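Sequence lines, in order, name chains A and B.
Using the numbering used here, the first residue of the first sequence is number 1, and each one after it goes up by one.
Using the numbering used here, the first residue of the second sequence is number 1, and each one after it goes up by one.
One or more of the hints may lead you astray.
Given that identical chains are not distinguished, each listed pair holds provided it fits within a single copy or across any two copies.
Cross-link-like lysine to any residue pairs, in silico, SDA-like; alpha carbons within 20 Å at most [what the hints assert, rightly or not]:
no.	residue 1	residue 2
1	K13	E234
2	K61	R132
3	K13	N236
4	K284	E189
5	K61	H176
6	K294	I43
7	K13	E103
8	K284	E158
9	K61	I21
10	K265	E190
11	K13	M193
12	K284	F207
13	K61	L177
14	K284	G25
15	K315	G159
16	K13	N154
17	K13	D233
18	K13	R132
Worth flagging that the hints you see were computed from the coordinates, not collected in a lab.
Since we're looking at a predicted model, the values are computed, not measured.
Spelled out from the first residue to the last, the chains are:
There are 2 protein chains.
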Amino acid sequence: MKTGDIGEFEFIKRLTGDCVINTSGIVRSIGDDAAVYDPEPGILQVLTTDLLAEDVHFTRKSISPGNLGYKSLAVNLSDIAAMGAEPRHAFVSIAIPNDISLEYMDEVYTGMKELARIHDTNILGGDTTSSRSGLVINIAVTGSAPSNNLLYRNAAREGDLVFVTGSLGDSRAGLHLILNDLPYTGDNEELYMAHVRPRPHVDEGLFLGGFDGVHAGIDISDGLSSDLGHIADESNRGFIIYADRIPVSDNLSRFCDNYGFDPVKYALEGGEDYVLAITIDPAKAEAIIEEYNKRFEYPLVHIGEITADTLHQLKEPRGELSDLLPGGWDHFKS
Amino acid sequence: MKTGDIGEFEFIKRLTGDCVINTSGIVRSIGDDAAVYDPEPGILQVLTTDLLAEDVHFTRKSISPGNLGYKSLAVNLSDIAAMGAEPRHAFVSIAIPNDISLEYMDEVYTGMKELARIHDTNILGGDTTSSRSGLVINIAVTGSAPSNNLLYRNAAREGDLVFVTGSLGDSRAGLHLILNDLPYTGDNEELYMAHVRPRPHVDEGLFLGGFDGVHAGIDISDGLSSDLGHIADESNRGFIIYADRIPVSDNLSRFCDNYGFDPVKYALEGGEDYVLAITIDPAKAEAIIEEYNKRFEYPLVHIGEITADTLHQLKEPRGELSDLLPGGWDHFKS
Chain A
1 MKTGDIGEFE FIKRLTGDCV INTSGIVRSI GDDAAVYDPE PGILQVLTTD
51 LLAEDVHFTR KSISPGNLGY KSLAVNLSDI AAMGAEPRHA FVSIAIPNDI
101 SLEYMDEVYT GMKELARIHD TNILGGDTTS SRSGLVINIA VTGSAPSNNL
151 LYRNAAREGD LVFVTGSLGD SRAGLHLILN DLPYTGDNEE LYMAHVRPRP
201 HVDEGLFLGG FDGVHAGIDI SDGLSSDLGH IADESNRGFI IYADRIPVSD
251 NLSRFCDNYG FDPVKYALEG GEDYVLAITI DPAKAEAIIE EYNKRFEYPL
301 VHIGEITADT LHQLKEPRGE LSDLLPGGWD HFKS
Chain B
1 MKTGDIGEFE FIKRLTGDCV INTSGIVRSI GDDAAVYDPE PGILQVLTTD
51 LLAEDVHFTR KSISPGNLGY KSLAVNLSDI AAMGAEPRHA FVSIAIPNDI
101 SLEYMDEVYT GMKELARIHD TNILGGDTTS SRSGLVINIA VTGSAPSNNL
151 LYRNAAREGD LVFVTGSLGD SRAGLHLILN DLPYTGDNEE LYMAHVRPRP
201 HVDEGLFLGG FDGVHAGIDI SDGLSSDLGH IADESNRGFI IYADRIPVSD
251 NLSRFCDNYG FDPVKYALEG GEDYVLAITI DPAKAEAIIE EYNKRFEYPL
301 VHIGEITADT LHQLKEPRGE LSDLLPGGWD HFKS
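Isolated chain A, as found in the complex (with noise of 0.2 Å):
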C-alpha cells in the first residue's frame, strides 16, 4: 500500500499511536497547528533539531526501516544528553517519496517509537508531505535541566580531564562495511549495528550533568578530533589526547587487523559514535569516576586533558606530539 492510497489525514492518524508516553505537562498532542506543554518552573528548555537524508546519510538498501527511525531519534537524543538535559518530546516531520509503502513508514514509527519509550519521551507532533525525490526525516527533540546541570562546549578550563563515554570508531567500521559491500554478520555485525542503530548516551548526560565538577560536554558526532576541537576553540583553549588511551571496541580491532586499518584514526575521525565527550576538574574528577562506574557498566575513559594554549595534539604512545586536524565527518565535504 502506498501512502498516496490513504491520504495525508489517515496516514497522520495511523502513525500517531503509542505516541505519547509521559503525560505530564501535556495540554496537547498531535492534531492541532501545535503542540503545548507547560514547562516545569525553575527548569531550563532545550531543543535540537537533526535533518537524515537519503543517500546522504542512510541508504533504503543498507539500514531497516525500523533501524532508520530509531535512528533518526537517537541522534537528537545524543544531543539533547550532550547538554546534560533530560529529553521531553520529538517534533517528527517526514517527506515521503511515492515509492515507499505505509508498511515501511509503520516500521520507521516503530523504531522510532521504541526509543521514545526507553527515554520517557513523547513524540508530539510534526508534519508529514510528499517527496518527489528522496526520502527525508527531520527530528526536533525539546529537553529539559536545571540549569546548573546544562553542559556547554565553551565551558571547558585549562587542567580538565577529558573523558569519553564509551569506544570509538565502530560506527565509521560499520559504514565501511556499507559502502563497501562487505558482509555484515560475524565480528561484523557490532560494527554494523553501531553504525544503523546507536545507542544515545541519555542516561549517562544527565548523570554526568548532576555533578558540578563536569564542565564542558559534547555528543562525537562529526569525529573525536573535530568534536573535541568545538569543546577546544569555543573554550578558548587548547587539548592533548593520548593515542593509546582512546578506547576502541575488540570488534574494531579485529576489523582494523582484518583490513588494514589504524584503529587510532577510526577512531579520532570516524563520527555517529554518538559517544560523549566531556571534561571535568581534575579535584573532583576521581569522585565522579567512582559514582559513575558504579552506576554504568562502560567506565568513563580518560583519555586527555584540557591545555592553556589553542592547539589541537594527539600524543603518540612514545611521546610524539602531532597536531590533530578536524578530519572529521564535513556533511558538505563527503
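Take the given structure of chain A and dock chain B to it, following the hints.
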C-alpha cells in the same frame, strides 16, 4: 560558489548572523548541541514544525530564494498564530543540493530573517546538510501564550459564529499561474505574491487569543472547507457557511472572470491562504468585532455558524444547502 567549497561549519557561521533578535531569556543560541532558553513562568509553550520539499511545495524556477525563505518561516508562524500564541524561536533544518550556490542560500536566509524581525522571532538553531536530490527546508517554531489565550481546534461550540481574517483563494490562483506558466504581472502579481510570500496573521491571532469569547482557531493551509472541517470534527459539531459571504479579492474575481473559474470554489478549496478561521461566542461577537476592526485594516468577516449536528454545509445565495467535501489540499493525493 558552492556550499562544498567552504564546509559545513563555515557555512553555518556565514548564515547565522543577525539570527537572535530578542535576547530575553536566551541562554545559548546557535553553536551548541542545542539551544537553551528560559520559559516564562505561567506561560505555556507551543511548538510547530513544517517541511517544504522542492518539486512538492515549490520549484526553484517559480519562487525567488528570498521568498522561499520568507514562506518557509511564514507557514510555521501561521500555525503559531492559529494557536493565539506569540512566536519566540525558530530552528531551521536545510538539506542543500550541490547545484545550489551559497548566494542562493544567503537569500533564503535573508528572506527568513526579514520575516523573523517583523515578528520579533529568533532563529536559534537548526541543522544543515547536503542533499543528493532536492532542496528541503524544515522549520520548527516555538511560541508561548497564557493558557487562557490558546485557541484549540476542538473548542468550537454550537451557535458560535465563524469568521475569517482575510480573503481566500488568492494563493491557489497564484499557484495556477505558476503551474500554467501564465504571466505574474499586472492584475496577477498580487495573486502570485499571495502564493509565494504569504503574510502570517500573527498579530491577528495574538489579538484574538486575548478575548474569552474567541473559542476555536485554525489557519487556512489546506483550504477553508478542509480546515473548518477539522474544527467541526474535533469539536463534535458541524458548520454551515454562506457562499456569498466568503471574502474574495478583486484580483481573484478578475482572475476567475478571465479564465472562467468559480471564485467560491477557489476560496473553499484553495489552501495556503494562511488567514485564520475562528469561532466566536455570538453573545460576545459584536464587542470583539468592534475592537478588532479598530485595530486591523482588514475586517473580521462573518462567514457562517457552528451547528449542533456534524454536517459540513454550504448555503448558496438562493438558499440551497449542499454538503461540503473536504476538497482542500492533501499532500499525498496531489
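Now the hints, each set against the structure:
In the homo-oligomer, the alpha carbons of K13 and E234 lie at most 20 Å apart only across protomers (13 Å), although the nearest pairing inside one protomer, at 44 Å, exceeds that limit. For a Cα distance limit of 20 Å, the shortest separation of K61 from R132 qualifies both inside one copy, at 19 Å, and across copies, at 16 Å. For the identical chains of this complex, K13 and N236 are inter-copy neighbours only, at 17 Å across copies versus 49 Å inside a copy, given an alpha-carbon limit of 20 Å. Taking identical chains as interchangeable, the C-alpha atoms of K284 and E189 are never at most 20 Å apart, the minima being 38 Å within one chain and 66 Å between chains.
In this assembly of identical chains, K61 and H176 lie within 20 Å of each other by CA distance solely inside one copy; the values are 14 Å within and 38 Å between copies. Proximity of K294 and I43 under a CA criterion of 20 Å is satisfied in neither setting, with 27 Å inside one chain copy and 40 Å between copies. Taking identical chains as interchangeable, the C-alpha atoms of K13 and E103 lie at most 20 Å apart only when both belong to the same chain, with a minimum of 14 Å there against 40 Å between chains. Within a single copy, K284 and E158 get their C-alpha atoms as close as 14 Å, which meets the 20 Å cut-off; across copies the closest is 64 Å, which misses it.
Taking the shortest alpha-carbon separations for K61 and I21, neither the intra-copy value of 31 Å nor the inter-copy value of 43 Å comes in at or below 20 Å. Taking the shortest alpha-carbon separations for K265 and E190, only the intra-copy value of 19 Å comes in at or below 20 Å, while the best inter-copy value is 58 Å. Within a single copy, K13 and M193 get their C-alpha atoms no closer than 31 Å, and across copies no closer than 33 Å, so neither meets the 20 Å cut-off. In this assembly of identical chains, K284 and F207 lie within 20 Å of each other by CA distance solely inside one copy; the values are 15 Å within and 53 Å between copies.
In this homomeric assembly, K61 and L177 come within 20 Å of each other (Cα to Cα) only inside a single copy, at 13 Å, whereas the closest approach across copies is 40 Å. When the C-alpha separation of K284 and G25 is checked against a cutoff of 20 Å, the pair qualifies neither within a copy, at 36 Å, nor between copies, at 31 Å. Proximity of K315 to G159 under the C-alpha cut-off of 20 Å is restricted to the intra-copy arrangement: shortest distance 16 Å within a copy versus 76 Å between copies. Taking CA atoms no more than 20 Å apart as the test, K13 paired with N154 passes between copies only; the shortest distance there is 16 Å, against 43 Å inside one copy.
For the identical chains of this complex, K13 and D233 are inter-copy neighbours only, at 14 Å across copies versus 46 Å inside a copy, given an alpha-carbon limit of 20 Å. Taking the shortest alpha-carbon separations for K13 and R132, neither the intra-copy value of 23 Å nor the inter-copy value of 30 Å comes in at or below 20 Å.
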